[in-house]
Every structure is written in C-alpha cells, then in structure tokens.
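**Student:** Sequence:
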Amino acid sequence: MIDESFQWRKEYAVHDLTESSLPKWVFEVGALYLHGYDKEGHKIFWFKVKLHTKDTKTQHEKKKLVAFWLERYARREHGKPLTVVFDMAETGLSNMDLDFVRYIIGCFKVYYPNYLSKIVIFELPWIMNAAFKIVKSWLGPDAVGFLKTVNKNDIQEYISAEYLPSHMGGTDTFKYHYPPLVDDDFQTPLCENGPITSEDETESKEEIDVDNKENPDSNEEQGSSSKKITLTDQIPKPEEADKVDSKAKNAKKALTTFKGLLLHISPAEELHFGSKETGEKKCLIVLTNVAKNTVAFKVRTTAPDKYRVKPSNSSCEPGTSLDIVVSLHGGCTASLQDRFLIMAAEMDQCSGTGTQELAQFWKEVPRNKVMEHRLRCHVIESSKPSTLSINEHAFNVPAKTSEDLHFQLTQVLHSNKRLQEQIDRCVWLQHLTMALVLLLVANACFYMFCTQGR
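Take the sequence shown: its letters are residues -2 to 451, numbered as in the working numbering.
Derived by calculation from the structure, the hints in this document are not laboratory data. Hints may contain errors.
[Stated by the list, open to error] Cut-off 25 angstroms, straight-line C-alpha distance, at most; resulting in silico cross-link-like pairs (PhoX-like, lysine-lysine): (1) Lys36 to Lys172; (2) Lys145 to Lys130; (3) Lys77 to Lys36; (4) Lys47 to Lys149; (5) Lys172 to Lys59; (6) Lys115 to Lys145; (7) Lys7 to Lys60; (8) Lys289 to Lys172; (9) Lys289 to Lys360; (10) Lys149 to Lys21; (11) Lys414 to Lys289; (12) Lys145 to Lys133.
[Said to hold, decoys possible] Label-pair distances were calculated between CB atoms; the ranges are: (13) Glu418 to Lys133: 57 to 65 angstroms; (14) Cys423 to Lys7: 47 to 55 angstroms; (15) Thr170 to Lys36: 14 to 22 angstroms; (16) Ser348 to Asp96: 50 to 58 angstroms; (17) His12 to Leu435: 47 to 55 angstroms; (18) Asp302 to His174: 20 to 28 angstroms; (19) Ala439 to Gln417: 15 to 23 angstroms; (20) Lys7 to Gln427: 51 to 59 angstroms; (21) Gly166 to Val367: 34 to 42 angstroms; (22) Asn111 to Thr53: 29 to 37 angstroms; (23) Gln357 to Asp421: 32 to 40 angstroms; (24) Gly142 to His12: 30 to 38 angstroms; (25) Lys51 to Lys21: 15 to 23 angstroms.
Since we're looking at a predicted model, the values are computed, not measured. Glycine included, every Cβ here is placed at the ideal spot set by N, Cα and C.
Whole structure, please, built from the sequences with the hints as guidance.
**Tutor:** As structure tokens, then:
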C-alpha cells in the first residue's frame, strides 16, 4: 500500500499540485470543492454530480483536482476526517462515472486512510441503485456503515440546515464561483476595542453599527485607542466579580503550543467553550513573536456573528507575547463546526503598525509569505448532576470557584512566562557584560606586559 501511494503521488505530482498548476476550467465547473461542516464538526467535500460529465480526455485533470483538494486539506487539518457528499439531485446516466467514483473512494482507502468520516449520498436516482451496489462492494464489508443514503427529509440527521443549500432543505446561501478559490469561508469577526481589519472594513461597518445599537455603552470603548492586551485587563474587580464573566476553561489546554515560523500559538488546536449549562463564554489565545521583525496578524472565523475578538487585527513586536480574548456574543453558544483562522506575516522594519498601515500591508503581502493556523472549537458539556447544584446552594459555595481558579492559574502561568523571558534577557546581558569586562582586563594585562618588556 505504501509503494502504491508513492507511485500515485509521483504520477499526479501531488506534492507540487497548486492552483496555478491545474487548468482554470476544472475550478470553474464547480463539481468539486470544500465547504461547510457536518454535525460532528467534519469538513464537507462536495461532489455535484450533475456538473460532472464523463470524458476520457479530461479525466486525468479531474482526478488531479481531487488530489489537489485532499492534499490541500490534509496539510491544513492534519488528520481531521472529511465527510463526502454526493449531491445527485437532477443527475442522469450521462453524469454517472463509476471510474471517477471508484477513484475518489480509492483515494480515501489507500492514499488518505482514516480521513473518511462518512459518505452521504443525496437523492440517489432509482435507475442508479444497481450502480451503487457496486460502490458498496468497493468500500468493503467493514466500511459499508460509512455509506448514508438520504433525501431532503433526513439529511439533517448528519448536516445542519446552516450548511445545506436550499434544494436540500437548508438555509445556506453559499454560491460556488471561481475565482477566487473556495476556502473555509473565514470572515472577520467584530472586534472589541481593536482596529477593524483592512479589506473587510466596509463589510464590518454595518455589523458594528448594529452592535453599537444593541450595546450603547460600547460606543465610548470603540473610540478609545487600541492597545496590546494582557490577561490582567480581563480580571474583574472584587465588587464586580459576580457581574463579569471571566471564565476561561481552555486554561488547561493553554500549555499546548503550535510552533510556527513567525508565531507560537497557544492553545495549539482547540478553543474550549462551555455549553448553555456550563456557561463558559471566553477563551484566550496567546501569540508569541519568534521572528526578527514585527509580525502583523489577523483573526478570522467561520461564524463572525457569534464571536467577538479583541484584538482581531494588530501586530506583535519581536520577542513579545500578546493575548487575544475570544468571547461569545450575547446568548450565542459555540458549536463544533466553528473554526478560527490566524493569519500572520512578517513586516519590514520601516513599516508602521497603525490601522491604515496594516490595511495597506495586508493588501500588498504575497500569499506565500502568510503563515496560517487553524483552531477548532470544543464544547464542554456539564458533568455535574442536578443534585450537586442543590448541595452547593445549601452550603453557600459559589459555583464559579473552580473556573475562576483556572483563569487565575492561567494568569499566573503567563505572568511567570513573561518574567522568565525578562530574566533570560538579564542573564544574557550579564554574560555579555562579563565577557566585555574580561576582554578589557585581558587587554590591560597585555598592555602592562608589553610595557614592562620594554
């Protein structure tokens, strides 16, 4: 299997597959693309069968397109499974290509094992029932359970309406078009006390105006100057402790770190939010600049209406750390389908870091110079039985104590980390000073030795 995989990657030049290496028409057709998530949080790989026509002359390019999408996804998500949806609405025999279907299934079985979550077949025409019995045989007896044949009435058992098009009974208004290349539909969230991101500024103004109407007190905050955020900004005063929700359940995960070329990002993979019962509404992302120059960054999400990010577009000086607070807006709750994208690029020494300078920088920076890292959302379910809440009230024990302790512990850990960085710098300066002193002493001794020799 390994030898077969290497041969396939060589035949299709998988490692070198890029958007520019494929003919433009394969993207324009729109038969294959990634978009949305199922109810388990798995990315959906769409195959619009009605847009596919069997043609031996173009088959190789179409197979390379499948390899392009799978390889692109594998490099970004590192083992996270995919859900494949065969949308067979309005299809006929001219669209049916068993060789191509077999190739797609073979990619998951041989070249990307463990990447297949399930195959959802929407509105299979009765005339093709015999053909899909053959497809089942390709999957093997152990994998037949991955195959789900659905229609408009039961597809929402696997995919929620927000990621289903209207002909499937969903509410997703997404329309495929190319260019640009379809990505994960990351958008800029509304920020709190942070600059609005560059290219999305006009799109975000309307959302900000609506948010200001709902929260009049935030108008004054929007006018204040943006600052780098530290965790201490989020610590409530003792008399306001009951009013301010400062929970951060992801404190346990904060020690896991993704080490990129420009930024170290903590947590590495998941942001932990609470369910309606647990109620944790805030998470912390810590960025550490490991580059030689200032690094500009911006945060995007697949659910911009649900989250507020502070700051969502800013910069980080060399050798410093910066805290980003991600909070749920209003009564919204996190879901497994939500994703965050952190984009970072190194700036020139002469570049400014104001709002306008950052906006211009993101317009001009080449795509291959941008570091990207994705974070998933994890929802923490309540593990407390109802009887415990009664006992807590009986003994007058605050229900938020453990979460507050976790939050304070995270504060101490990050403060400790910054102190350690400062100590390391001081030690380095001491070593440098000692070396210079020794060098001066050596020069003085050498000079005295030379004068005595005369």
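**Student:** Now, for every hint given, state plainly whether the structure supports it.
**Tutor:** Hints, verified against the model:
1. Between Lys36 and Lys172 the CA atoms are separated by roughly 21 angstroms; this keeps the pair inside 25 angstroms, and the hint holds.
2. Between Lys145 and Lys130 the CA atoms are separated by roughly 13 angstroms; this keeps the pair inside 25 angstroms, and the hint holds.
3. Of the pairs offered as hints, the one joining Lys77 and Lys36 holds, with about 14 angstroms between alpha carbons and a cut-off of 25 angstroms not exceeded.
4. A distance of roughly 17 angstroms separates the Cα atoms of Lys47 and Lys149; the hinted pair therefore holds under the 25 angstroms criterion.
5. For the suggested pair Lys172 and Lys59, the alpha carbons sit about 21 angstroms apart, so the restraint of at most 25 angstroms is met.
6. Distance check on the hinted pair: Lys115 and Lys145 sit about 7 angstroms apart at the alpha-carbon level, within 25 angstroms; holds.
7. For the given pair, Lys7 sits about 14 angstroms from Lys60 by alpha-carbon distance, which is consistent with the 25 angstroms threshold.
8. Between Lys289 and Lys172 the alpha-carbon distance is near 42 angstroms, which puts this suggested pair outside the 25 angstroms criterion.
9. For the proposed pair Lys289 and Lys360, the alpha carbon gap of about 22 angstroms is at most 25 angstroms, so the pair holds.
10. A distance of roughly 33 angstroms separates the Cα atoms of Lys149 and Lys21; the hinted pair therefore is violated under the 25 angstroms criterion.
11. For the given pair, Lys414 sits about 20 angstroms from Lys289 by alpha-carbon distance, which is consistent with the 25 angstroms threshold.
12. At most 25 angstroms may separate the alpha-carbon atoms for a hinted pair to count; Lys145 and Lys133 meet this at roughly 11 angstroms.
13. Distance hint for Glu418 and Lys133: a CB-CB separation of about 58 angstroms, consistent with the stated range 57 to 65 angstroms.
14. For Cys423 and Lys7, the Cβ-Cβ distance of about 53 angstroms falls inside the hinted range of 47 to 55 angstroms, so the restraint holds.
15. Look at Thr170 against Lys36: about 20 angstroms separates their beta carbons, and that is inside 14 to 22 angstroms.
16. Range check, Ser348 to Asp96: Cβ separation about 52 angstroms, and the 50 to 58 angstroms hint holds.
17. With their beta carbons about 51 angstroms apart, His12 and Leu435 fall inside the hinted range of 47 to 55 angstroms.
18. Between Asp302 and His174, the C-beta spacing of about 23 angstroms keeps the proposed range 20 to 28 angstroms intact.
19. Checked against the hint of 15 to 23 angstroms, the C-beta distance between Ala439 and Gln417 comes to roughly 33 angstroms, which is inconsistent with it.
20. Range check, Lys7 to Gln427: Cβ separation about 55 angstroms, and the 51 to 59 angstroms hint holds.
21. In this structure the hint that Gly166 and Val367 lie 34 to 42 angstroms apart at CB holds, the actual value being about 37 angstroms.
22. Asn111 and Thr53 have their C-beta atoms about 32 angstroms apart, which keeps the hinted 29 to 37 angstroms range intact.
23. Remark: the range hint 32 to 40 angstroms for Gln357 to Asp421 is upheld by a beta-carbon distance near 35 angstroms.
24. Taken as a hint, the range 30 to 38 angstroms holds for the pair Gly142 and His12, whose Cβ atoms sit roughly 33 angstroms apart.
25. Take Lys51 and Lys21: their Cβ atoms lie about 21 angstroms apart, and the range 15 to 23 angstroms holds.
Of the numbered hints listed earlier, those contradicted by the structure are 8, 10, 19.
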